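Novice: Chain order of the listed sequences is D and V.
Under our numbering, residues 739 to 956 are what the first sequence spells out, in order.
Under our numbering, residues 739 to 956 are what the second sequence spells out, in order.
Do not rely on the hints blindly, as some may be mistaken.
Given that identical chains are not distinguished, each listed pair holds provided it fits within a single copy or across any two copies.
Said to hold, decoys possible - Below 30 Å or equal to it, Euclidean Cα-Cα: the simulated DSSO-like pairs (lysine-lysine) are:
# : residue 1 : residue 2
1 : K795      : K766
2 : K785      : K804
3 : K795      : K785
4 : K766      : K785
5 : K804      : K766
Calculated directly from the structure, the hints in this document are not laboratory data.
All values derive from a computational prediction rather than experimental measurement.
Number of protein chains: 2
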Amino acid sequence: MSGTRRRRLPRHVREQQIIDAAVQVFSKRGYHAAVVDEIADLAGISKPMVYLYFGSKEGLFIACIKREGELLTHEFQQAAAVEQGADQQLWAGLSAFFAHVAANRDGWVVLYRQAPEQGGEIAAEVERQRAAVMAAVTGLVRAGITESDSSAGLGEEDAEFVAHALVGAADSLTGWMADHPNEAPERITLRLMNMVWVGMRQVLAGEVWTPPAEPVEG
Amino acid sequence: MSGTRRRRLPRHVREQQIIDAAVQVFSKRGYHAAVVDEIADLAGISKPMVYLYFGSKEGLFIACIKREGELLTHEFQQAAAVEQGADQQLWAGLSAFFAHVAANRDGWVVLYRQAPEQGGEIAAEVERQRAAVMAAVTGLVRAGITESDSSAGLGEEDAEFVAHALVGAADSLTGWMADHPNEAPERITLRLMNMVWVGMRQVLAGEVWTPPAEPVEG
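With the rest of the complex left out, here is chain D:
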């Protein structure tokens, strides 16, 4: 174990190469149809080596979920962590989210579409990552409510509500984004902030929508 042989990449580097290839193949073929041969070929690594490192196709898939999820969560949290107004932090976090998804469509397909399909430990891992993002968004919304210093009396429950709506909207908008590849991630974030944050601000300011008693004529 002392020293390293030439021509051998460090294990960590090889693992990342295999995961890169696996994310591509899983995204393209789906979990069940994907075969380790294709992944090994694409990574330029022997199939036994893939099994040596990850144990099984499932183990490799879990490694993909963990890495892609951690990358995405990390980018969101890092962007959102720079101390400034809560709306700016949320804007920065959401921009990072949309930018990451736009640049890593394969990883997003694996995370968002394929991982929940597997249930069990894999789905639980994605749930944990989503919960971490949800907690961060809830914190920013809570801060936004506090900063607005409003008498509207919004509280913790409202912060969780807004965070659920925002995270769900952002997830769903990745579908819209796929149909509008030329839309910059920043513009998607701006549209979403305009809708949700401006709406929340109006609610804080006391403007509320109520179901009108009379039909409205356009």
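Assemble the complex: chain D is given as a structure, and chain V must be docked to it using the hints.
Specialist: Chain V alone, transformed into the frame defined by chain D:
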């Protein structure tokens, strides 16, 4: 085929009984762990009869997805179809959606959590249903934009954007709703409309959020 025997329920009725039982069992156990014996027991029908009607566990699951999805889509569309202001129609549709999910939690778990897990034809069926709801919501948002008669210049692309955000938010809020079982579906709808519709109205009225250049002090 002429006449009916006594003590035999019509096939349609029996099928619905089996589907009722299957939705409960699938929701509780998950698709893979669910066994047809338990479904047959709960429905009070013999196991061979279940296979006779639905062919396989997968066939039965697809029947559950179809029925639950059609019920939900139908309730949304029927509530939203009553001609009035687009905001009222959307409010009525979303209220019906949240009320249906609150009253049919098992069906929602099967539709929203378990069906996408199966991929293939099952996931495609759910996608078709979601697309139908998305189209209806897009239509109402488009009408809302037209009714508001604004010069903000929002168009078809914006209607699709808002619809994606709304549908994603509504899906995600069913999770919040599970943690707040005493919150009335109408109140959830009001909160969502307050956030999204008021936000959209403000955008239509020309108010926009922009990422501030300077850090904001709370």
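Novice: All the hints need checking, so say for each whether the structure fits it.
Specialist: Hint check results:
With identical chains, the CA atoms of K795 and K766 are at most 30 Å apart both within one copy (15 Å) and between copies (28 Å). With identical chains, the CA atoms of K785 and K804 are at most 30 Å apart within one copy only, with a shortest distance of 21 Å there and 41 Å across copies. For the homomeric pair K795 and K785, the shortest alpha-carbon distance inside one copy (11 Å) is at most 30 Å, but the shortest distance between copies (35 Å) is not. Within a single copy, K766 and K785 get their C-alpha atoms as close as 19 Å, which meets the 30 Å cut-off; across copies the closest is 39 Å, which misses it.
In this assembly of identical chains, the alpha carbons of K804 and K766 lie at most 30 Å apart whether taken from the same copy (19 Å) or from different copies (27 Å).
Violated hints: none; the structure is consistent with every hint.
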